[in-house]
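Asker: Generate the whole structure from the sequences, applying the supplied hints.
For the record, the sequence lines run as chains Z and C.
Residues 37 to 361 (the numbering used here) are what the first sequence spells out, left to right.
Residues 108 to 283 (the numbering used here) are what the second sequence spells out, left to right.
No lab work stands behind these hints, which were simulated from the structure alone.
Each residue gets a CB set at the ideal place from its N, CA and C atoms; glycine is no exception.
Be a bit skeptical, because a hint or two may be false.
[What the hints assert, rightly or not] Straight line, CA to CA, 30 angstroms or less: simulated DSSO-like cross-link-like pairs of lysine-lysine:
1. K138/Z with K119/Z
2. K132/Z with K73/Z
3. K235/C with K185/Z
4. K207/C with K281/C
5. K262/C with K185/Z
6. K130/C with K351/Z
7. K305/Z with K351/Z
8. K138/Z with K130/C
9. K207/C with K271/Z
10. K271/Z with K298/Z
11. K317/Z with K351/Z
12. K138/Z with K233/C
13. K132/Z with K281/C
14. K351/Z with K271/Z
15. K132/Z with K119/Z
16. K351/Z with K207/C
17. K305/Z with K271/Z
18. K207/C with K262/C
19. K235/C with K138/Z
20. K262/C with K351/Z
21. K235/C with K132/Z
22. K223/Z with K317/Z
23. K207/C with K138/Z
24. K73/Z with K223/Z
25. K271/Z with K185/Z
26. K305/Z with K316/Z
27. K130/C with K185/Z
28. K73/Z with K185/Z
29. K222/Z with K317/Z
[Stated by the list, open to error] Output of the computed footprint for chain Z on chain C, the stretches with three or more beta carbons under 8 angstroms from beta carbons of chain Z:
30. 248 to 261
31. 266 to 272
[As the list claims (entries may be wrong)] Over 12 angstroms on every C-beta distance to chain Z, these chain C residues come out as not near it, computed from the model:
32. Q229
33. G231
34. K233
35. K281
36. P282
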Amino acid sequence: MNIRENLLQMFKQAGGEFISGEEISRRLGVSRTAIWKHIEEFREEGYVFEAVRRSGYRLVFAPDVMIAEEIKVGLSTRVLGQKIYYYPSIDSTQNKCQELAKEGAPEGTLVVADQQTEGKGRLGRVWHSPPGANISMSLLLRPALELQKCPQLTLLTAVAVVETLHEFCGISAQIKWPNDILINGKKVCGILTELNAESDRIHSLIVGIGLNVNTLPEHFPEDVHGIATSLRIEKGEPLRRVPLLQQILTRLEELYDLYLAKGFAPVKKRWETYAVTIGKKVTIRTLQGSLSGYAEGIDESGVLLVRREDGSVTKVYSADVEIHG
Amino acid sequence: MFKIHEIREIIKLVDQSSITEFKVEEDGMKVVIKKGGSASVSYVAVESAPQAVPAPQEVPAPAPQAVPPVPAPKTEEAPAPASQTAPVAAEPVDDTGLHKITSPMVGTFYKAPEPGASPYVQVGDKVKNDTIVCIVEAMKLFNEIEAEVTGEIVKVLVEDGQLVEYGQPLFLVKPE
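Answerer: Encoded structure:
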């Protein structure tokens, strides 16, 4: 941890009590002037400190900002999110993460933003997100995996988010194949993954997650009204994003480790628990046309199996899925 | 390479017979037909060896087909087979000395970053090792395929939105 992270951690551990400038200076090994400067910087981010002569400083309020220090303090992961780049506003966290990947950033590097101006969806669709309300993140992975297996990680990510929502927010969410996350049939989270690889070696696999946390109904653009929702809408109260993000990273790391050790089978089982697509009549839409059938399940690689009326089974690798009843 | 009517014929024969499984391999293309025993489900899994130009029967066909498990009609538009000894090719391409850019995974082929955008590469374009030539998507994982060769694109072998198999040739490149 760097000085800013250590400083924030000290204040958080003090639980609102005063810490003297002298003590901070001694424990961090920096001058009192340096400490004052760091505290001023935190104030600019929205933190509120009380400073009292002879007593020192105490943290009165920590805002829900996704700056690196706020995420790092209290994050229990080993790899994921150990290096964080935060931007108040950025075109796309995916683009930034790709740039960092090319520069050699390590596995687990996280790019988060308060606002994305060109958030990416599937097939060039736009992912809408008003400033300061949601989690827009991209996570860099560098798995030593067969390329063919990489799509499984998109299903894995969905499991991590759904389990976090359940445990952390008490919200029961479902997965629409392959990895859209729905609450009461409305989309709350989109996951998009970009792979850069040579035929036999993965350079980077960047997992992008857009989670609607505190968006209000009036903030959704007209074209997604009725099909999108946020945690705030579902819960009826705003949520802090940072602890949620920490929990997603923790759960994702746990599942990623499990996957690398034991393969897709245990992840698949958990995915099936939350799947809303399976056992339903569905319409599959692709650039080349559409078909309807009964969603039987996924195979051991994560591919959707759709049984047609004639009894034949079609494997679906990528499509928009519409669920009927 | 099998033609669609041949596969259809084989399926009929298997269907009428008492055998439950049938495999055949020719020119790097493998056809496996399984009957689901007492269940009514039967399906074809066409797998391809790396050199083959497979029939992407998993591509959702626009309309339900009367004959259950036959490859989608796309087979007939499939690009010229890799091997020149293959009996039939809609449009034979002399690929002697040409480099094939192949798909590293099963998925949907996209020639452009988004529908309506200009394609990553077209015939006549010069590519370098790290030039992105297309995207292959599976389960919302987007794989940007790099040329991994320096040269000129001489043929695009697949259609936008088509399902491609592992190892399926996507482009022919005249190396520099």
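Asker: All hints, please: hold or fail.
Answerer: Structure-based check of all given hints:
1. K138/Z with K119/Z: holds, 15 angstroms
2. K132/Z with K73/Z: Between K132/Z and K73/Z the Cα gap is close to 29 angstroms, so the pair holds against 30 angstroms.
3. K235/C with K185/Z: holds, 27 angstroms
4. K207/C with K281/C: Given that 30 angstroms is the threshold and the Cα spacing comes to 9 angstroms, the pair holds.
5. K262/C with K185/Z: holds, 29 angstroms
6. K130/C with K351/Z: Holds. K130/C to K351/Z sits at ~19 angstroms (cutoff 30 angstroms).
7. K305/Z with K351/Z: Satisfied, since the Cα-Cα distance of roughly 19 angstroms is no more than 30 angstroms.
8. K138/Z with K130/C: violated, 45 angstroms
9. K207/C with K271/Z: violated, 53 angstroms
10. K271/Z with K298/Z: The hint is violated at about 35 angstroms.
11. K317/Z with K351/Z: Within the cut-off at roughly 15 angstroms; holds.
12. K138/Z with K233/C: holds, 23 angstroms
13. K132/Z with K281/C: Roughly 34 angstroms separates the two Cα atoms, so the pair is violated.
14. K351/Z with K271/Z: violated, 37 angstroms
15. K132/Z with K119/Z: Given pair K132/Z, K119/Z holds - Cα atoms ~14 angstroms apart, limit 30 angstroms.
16. K351/Z with K207/C: holds, 26 angstroms
17. K305/Z with K271/Z: Holds: K305/Z and K271/Z sit about 27 angstroms apart, inside 30 angstroms.
18. K207/C with K262/C: holds, 10 angstroms
19. K235/C with K138/Z: holds, 17 angstroms
20. K262/C with K351/Z: It holds: about 28 angstroms lies between the C-alpha atoms, which stays within 30 angstroms.
21. K235/C with K132/Z: At roughly 23 angstroms apart (the allowed maximum being 30 angstroms), K132/Z and K235/C satisfy the hint.
22. K223/Z with K317/Z: Satisfied, since the Cα-Cα distance of roughly 19 angstroms is no more than 30 angstroms.
23. K207/C with K138/Z: Distance ~26 angstroms between K207/C and K138/Z Cα, so the pair holds.
24. K73/Z with K223/Z: violated, 43 angstroms
25. K271/Z with K185/Z: violated, 36 angstroms
26. K305/Z with K316/Z: holds, 18 angstroms
27. K130/C with K185/Z: holds, 26 angstroms
28. K73/Z with K185/Z: violated, 48 angstroms
29. K222/Z with K317/Z: holds, 18 angstroms
30. 248 to 261: holds (count 6)
31. 266 to 272: holds (count 5)
32. Q229: About 18 angstroms separates Q229/C from the closest Cβ of chain Z, which puts it past 12 angstroms; holds.
33. G231: holds, 24 angstroms
34. K233: holds, 20 angstroms
35. K281: The assertion about K281/C holds, with a minimum of 20 angstroms to chain Z.
36. P282: holds, 16 angstroms
Going down the numbered hints, you'll see the structure goes against 8, 9, 10, 13, 14, 24, 25 and 28, while the others check out.
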